[in-house]
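Asker: All chains, please: the whole structure from these sequences, using the hints.
Here is what each chain is made of, one letter per residue.
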Amino acid sequence: MEEIANLFHGFAVTLEPFNIMVMVIGIVLGVIIGVLPGLGGANGVAILLPLTFSMPPTSAIIMLSCIYWGALFGGAVTSVLFNIPGEPWSVATTFDGYPMAQQGKAGEALTAAFTSSFVGALFAVIMITLVAPLVASFALRFGPAEKFAVYFLAFCSFVGLSKEPPFKTIASMMIGFALAAVGLDSITGQLRLTFGYTELLNGFDFLIAVIGLFGIGEILLTMEEGLAFRGGNAKIDLKVVLRTWMSLPRYWMTSLRSCVIGCWMGITPAGATPASFMSYGIAKRISKNGRNFGKGEIEGIVAPETAAHAAGTAALLPMLSLGVPGSPTAAVLLGGLLIWGLQPGPMLFVEQKEFVWGLIASMYLGNLVGLLIVLTCVPLLAAILRIPFSIIAPVILVLCAIGAYSVNNSTFDVAMMLVFGVLGYVLKKCNYPLAPLVLAIVLGDKAEEAFRQSLLSSQGNLGVFFSNGLVSSIMVLGLIALFWSLIQEGFTRLRARPAL
Amino acid sequence: MSTQDTGSSTGPSYRSVEVGLAILIMAFGALVVAGSISAGIRWGAEGPKAGFFPFYIGLAIIISGAINLWSGIKPDSQGGLFAEWGQLRQVLSVVIPTAIYVGSMPFIGLYVASIVFIGWFMRWLGKYSWPMVAAVAIGMPVFTYIIFEKYFLVPLPKGPIEEWLNL
Numbered sequence: 001m002e003e004i005a006n007l008f009h010g011f012a013v014t015l016e017p018f019n020i021m022v023m024v025i026g027i028v029l030g031v032i033i034g035v036l037p038g039l040g041g042a043n044g045v046a047i048l049l050p051l052t053f054s055m056p057p058t059s060a061i062i063m064l065s066c067i068y069w070g071a072l073f074g075g076a077v078t079s080v081l082f083n084i085p086g087e088p089w090s091v092a093t094t095f096d097g098y099p100m101a102q103q104g105k106a107g108e109a110l111t112a113a114f115t116s117s118f119v120g121a122l123f124a125v126i127m128i129t130l131v132a133p134l135v136a137s138f139a140l141r142f143g144p145a146e147k148f149a150v151y152f153l154a155f156c157s158f159v160g161l162s163k164e165p166p167f168k169t170i171a172s173m174m175i176g177f178a179l180a181a182v183g184l185d186s187i188t189g190q191l192r193l194t195f196g197y198t199e200l201l202n203g204f205d206f207l208i209a210v211i212g213l214f215g216i217g218e219i220l221l222t223m224e225e226g227l228a229f230r231g232g233n234a235k236i237d238l239k240v241v242l243r244t245w246m247s248l249p250r251y252w253m254t255s256l257r258s259c260v261i262g263c264w265m266g267i268t269p270a271g272a273t274p275a276s277f278m279s280y281g282i283a284k285r286i287s288k289n290g291r292n293f294g295k296g297e298i299e300g301i302v303a304p305e306t307a308a309h310a311a312g313t314a315a316l317l318p319m320l321s322l323g324v325p326g327s328p329t330a331a332v333l334l335g336g337l338l339i340w341g342l343q344p345g346p347m348l349f350v351e352q353k354e355f356v357w358g359l360i361a362s363m364y365l366g367n368l369v370g371l372l373i374v375l376t377c378v379p380l381l382a383a384i385l386r387i388p389f390s391i392i393a394p395v396i397l398v399l400c401a402i403g404a405y406s407v408n409n410s411t412f413d414v415a416m417m418l419v420f421g422v423l424g425y426v427l428k429k430c431n432y433p434l435a436p437l438v439l440a441i442v443l444g445d446k447a448e449e450a451f452r453q454s455l456l457s458s459q460g461n462l463g464v465f466f467s468n469g470l471v472s473s474i475m476v477l478g479l480i481a482l483f484w485s486l487i488q489e490g491f492t493r494l495r496a497r498p499a500l
Numbered sequence: 001m002s003t004q005d006t007g008s009s010t011g012p013s014y015r016s017v018e019v020g021l022a023i024l025i026m027a028f029g030a031l032v033v034a035g036s037i038s039a040g041i042r043w044g045a046e047g048p049k050a051g052f053f054p055f056y057i058g059l060a061i062i063i064s065g066a067i068n069l070w071s072g073i074k075p076d077s078q079g080g081l082f083a084e085w086g087q088l089r090q091v092l093s094v095v096i097p098t099a100i101y102v103g104s105m106p107f108i109g110l111y112v113a114s115i116v117f118i119g120w121f122m123r124w125l126g127k128y129s130w131p132m133v134a135a136v137a138i139g140m141p142v143f144t145y146i147i148f149e150k151y152f153l154v155p156l157p158k159g160p161i162e163e164w165l166n167l
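Protein chains in written order, with my numbering: chain A, 1 to 500; chain B, 1 to 167.
Watch out, some of these pointers could steer you wrong.
[Stated by the list, open to error] A short, non-exhaustive set of chain B residues, derived as facing chain A with CB atoms under 7 Å:
(1) G47
(2) Q87
(3) I96
(4) I100
(5) V102
(6) V154
[Unchecked claim] Computed spacing ranges between beta-carbons, pair by pair:
(7) I339(A) / G80(B): 58 to 64 Å
(8) S93(B) / L494(A): 26 to 32 Å
(9) R291(A) / E84(B): 28 to 34 Å
(10) S93(B) / L338(A): 49 to 55 Å
(11) S38(B) / F466(A): 28 to 34 Å
(12) E16(A) / L167(B): 35 to 41 Å
(13) E199(A) / G139(B): 29 to 35 Å
(14) S38(B) / I20(A): 56 to 62 Å
Derived from the structure by calculation, the hints contain no laboratory data.
We treat Cβ as the ideally placed atom computed from N, Cα and C, and that holds for glycine.
Answerer: And the structure:
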């Protein structure tokens with residue numbers, strides 16, 4: 001009950017006029033950051049952090065967290081309209097969002113994405129409010145082996161649930177792992193796979209790969225068909241929004257499942273990207289519309305967007321209660337707290353009640369304000385579709401180049417973006433899935449680190465991945481996901497066999 | 001690369017590109033294995049050495065590439081065209097100017113390169129009028145300058161003209 005009273009006090013703090021103003025400004029800036037490829041939530045929060053130095057800490061953290069919510073919402077816009085994920089967790093949204101936009105259903109796709117994002121975030125905030133201490137103590141049990149098991153499950157789900165040939169999925173994923181391994185080894189500090197090129201010291205940033213593979217690759221695929229833009233007939237108004245809202249309750253089970261996956265992945269902390277992919281993969285396997293996934297199925301948007309927002313929000317829980325950031329953006333927010341002299345951790349809930357509960361209340365209101373702002377802007381955002389392709393294509397290419405450059409201030413990265421673009425075009429035409437490649441670049445380092453730390457702790461004994469009930473069950477789930485097609489085939493044959 | 005005639009159109013066959021890509025992937029895997037061996041693939045003082053993990057990744061790339069190569073050359077593999085020559089020309093009409101745009105960026109800066117690139121694209125491929133071309137080709141870099149450099153303080157590559165304008 002004390003939490004509820006604290007929360008109401010937090011609402012009173014958040015509803016002060018100045019805090020509402022910084023909330024709206026934060027959301028709008030966040031949406032712009034999310035829409036622009038290459039400027040992710042973490043970058044945006046980091047760049048705008050100095051703006052908040054003159055504010056009281058509660059207002060500052062409200063603004064920064066609202067930039068984060070805005071970026072989470074904005075990432076879906078370019079995914080749906082141009083097949084360019086503004087954020088890595090928006091990659092899975094492109095699978096069905098872009099086909100829907102091509103079919104003239106951009107309004108439905110965007111409304112579904114924004115609403116699902118809101119639902120995911122709301123679920124995670126309620127979870128943070130109610131079960132924070134319990135969940136935080138559970139997350140403390142996660143060692144390197146458990147972390148690796150979570151990554152293993154995410155990757156195996158992709159191989160087992162992919163509609164592309166399994167060995168093409170594996171090849172694609174392994175290329176991603178190899179690219180992630182280039183540069184400085186984080187454990188030994190040794191250089192590897194650079195072959196003497198100084199440009200490769202920092203390795204390959206996943207944003208460069210994402211911008212190239214998806215952004216440039218898609219433009220090249222579209223160019224095959226000439227300059228006709230296929231999404232031009234999208235019509236969006238209040239009716240479309242209301243109609244989409246009416247249809248969404250049908251997917252309540254998918255939403256609920258995605259909320260749970262998202263919260264789990266956000267806290268552990270695997271993050272929003274594997275959460276969105278895993279949620280999409282499971283929804284595809286379980287849903288009765290699974291066969292239509294990838295062709296413009298609204299459920300294929302609901303699953304990843306709900307999970308990504310739930311994970312993104314849940315990632316703040318370990319940051320606040322333990323001082324362990326669950327995502328890169330949470331890490332930047334943690335840096336902000338330290339700048340204001342606030343020490344994140346269990347004592348924060350005791351010593352800075354107003355701050356903590358003001359932030360939690362702003363999570364409720366910020367997401368609601370965010371939903372209203374992005375939905376109001378849907379007609380404006382979808383109007384971009386009516387611009388002819390020969391105008392929008394060079395503009396996107398320039399934005400991609402800017403995005404790729406701004407990651408490390410390197411023109412080499414821009415050249416790599418183009419290489420990834422051509423590679424993406426060829427791979428996609430040859431039926432190699434791109435998503436596992438990107439996922440492996442994003443998580444390759446973390447997965448390898450967890451794997452090597454686990455082996456180090458067990459002196460090279462692989463049994464460490466089956467050493468307790470928690471890690472064993474996650475690994476077994478991963479193996480089931482990996483061999484899912486074979487298991488399913490076996491069951492089908494067994495059923496087809498005539499009874500003796 | 002073999003070509004295929006489907007009656008009305010010609011272009012590289014899907015199978016030849018599939019096989020070529022699989023060989024390329026295997027070569028990449030071999031490169032990863034070689035790089036990993038030079039980084040060390042055994043157990044060191046800090047546990048597995050830097051090349052340990054990528055070595056097995058490289059092996060997995062070679063094996064999966066070989067299986068994809070096998071399925072590509074099998075008689076029942078997917079036939080047909082990868083793309084028509086005309087379609088590939090369209091793709092190259094974007095790839096080559098984009099490569100020139102990217103290559104020129106360190107020398108003439110992002111803004112001038114973007115003006116020329118957008119202008120060329122709209123005028124040559126889109127056949128737009130000069131006023132329209134000028135509006136978009138100049139308006140877009142100005143907009144990005146305000147958003148990125150002024151608001152978000154993200155420095156973008158500049159050339160002699162930007163320096164002359166003191167931007």
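Asker: Hint numbers the structure violates, sorted upward?
Answerer: 3, 4, 8
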